[in-house]
Amino acid sequence: MPSFVEKQSRSPHENDSHVEENGSSFDLIGAHVNPNAPQDITFHLEIEATEDLEEDLESFSRLRRLGQFTAAMNHFRRCLLNSLDNTYVLVQYGQFLLESSDINGLSQLAEKFAAKQYNTHLAVDDEWFMILLRASILTCDPLPALLSRRDRSTVSRYLLQVSWPRLDSTEIQVLYNTQALSMSALDDFDSLSSYTQSQDKHCSLSHASTYLKVAQHYAVEVRNRNPANLKSRPYLQWVLAKFRLQQSKKPAAGHLALIEHLSKLPGDTVWRYGMFPFRDLTVYVPRADEAPDWKLESFVSEEEHEATKMVHKVATELGDIQLQAACLQLMIY
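To convert, note that position 127 of the sequence shown is 127 in full-length UniProt numbering; the numbers rise steadily by one, no gaps.
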């Protein structure tokens, strides 16, 4: 059946500047329905297309979330290594390097793909910037590819100046209300902070016990659905969390007991309450002419020690450096 689409040619006297300015090939053709001209017309269109990486990215992301870093790296090198110019691949790979503690590899990647200064309105660029920022915080050493504090304020000011002229009165009122809500949220945060500081150790341990009981239900369900999930970072972290809770309830065992013991000595104790397993080793700095000599009593059972060694062995097989470090710290304390 013939179509009723007729091609309209552009006048030769028309200026090409309009086409060049908009950069659209659709300005070169016009079409309209003409029942009086039953004539077939073929349109040849060219569109940009990229390789579909969704399936490979999902597989890579799943391996990363499970903590199977060796398998994830092999999969990435096999399927995604040549697609790093794709921002979504870059962000997923950067998150992988951060979680696998490969800060050197992340730094080299950041030098090649620096965070964009004036594209922070794109969520994927924001995520790349936050990955680099987290790496700097964890290592206490800013990556060269990160923007300086002055540059970050320049970016924020630029984004405000770009959007501000287009705001109407209603949008300005929303911003004003948002500021009021932010101030109220700060008051709530201060109240919550004061409340948490007023809680004693036993109350915190009671809350932790409640959370672990809920987590145990899901851990058993995950294990029953697929026994292979036993070798995954989330399950191994749950196992260690149970033993850490048991240690914390004992007055002379574990990390909290060590900190309490060192705090009574005349020297300086440095530690950081980072979220597990992001925790530094506790450092004790003696004062002048001090020769500290102590030995903590250990009430860590043989069962707990063997379980920690087992988790360390599995973490080594998975290539999970953070979990390996956490296990070694638990065995030290």
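Read the hints as simulated data drawn from the structure, not as lab findings. Warning: the hint list may mix true and false statements.
Claimed, not checked - No more than 20 Å apart at the CA atoms, straight line, and that leaves these computed lysine to aspartate or glutamate pairs for EDC-like: (1) 112 / 85; (2) 112 / 125; (3) 313 / 99; (4) 213 / 304; (5) 112 / 126; (6) 264 / 289; (7) 242 / 306; (8) 231 / 221; (9) 242 / 302; (10) 242 / 289; (11) 309 / 289; (12) 112 / 102; (13) 242 / 303; (14) 242 / 221; (15) 231 / 99; (16) 313 / 303; (17) 231 / 304; (18) 313 / 302; (19) 231 / 306; (20) 231 / 126.
Residue 112 paired with residue 102 [C-alpha distance capped at 20 Å]: It holds: about 16 Å lies between the C-alpha atoms, which stays within 20 Å.
Pairwise hint evaluation, residue 302 against residue 313, where the allowed Cα distance is 20 Å at most: holds, 16 Å
Pairwise hint evaluation, residue 125 against residue 112, where the allowed Cα distance is 20 Å at most: holds, 15 Å
Residue 313 paired with residue 99 [C-alpha distance capped at 20 Å]: Answer holds: residue 313 to residue 99 is near 18 Å, not above 20 Å.
Pair hint residue 231 and residue 126, alpha-carbon separation not exceeding 20 Å: violated, 32 Å
Pair hint outcome, residue 112 versus residue 126 [Cα-Cα no greater than 20 Å]: OK: residue 112 and residue 126 at ~17 Å, within 20 Å.
Holds or violated: residue 313 to residue 303, with C-alpha atoms at most 20 Å apart: holds, 15 Å
Distance restraint between residue 242 and residue 302, which requires alpha-carbon spacing of 20 Å or less: The given pair, whose Cα atoms are some 15 Å apart, holds under the 20 Å limit.
Distance restraint between residue 231 and residue 304, which requires alpha-carbon spacing of 20 Å or less: Distance of about 18 Å is within 20 Å: holds.
Distance restraint between residue 242 and residue 303, which requires alpha-carbon spacing of 20 Å or less: The given pair, whose Cα atoms are some 12 Å apart, holds under the 20 Å limit.
Holds or violated: residue 112 to residue 85, with C-alpha atoms at most 20 Å apart: holds, 10 Å
Straight-line alpha-carbon gap residue 242 to residue 306, limit 20 Å: holds, 14 Å
When the structure is compared with the earlier hints, violations turn up for hints 10, 11, 20 and for no others.
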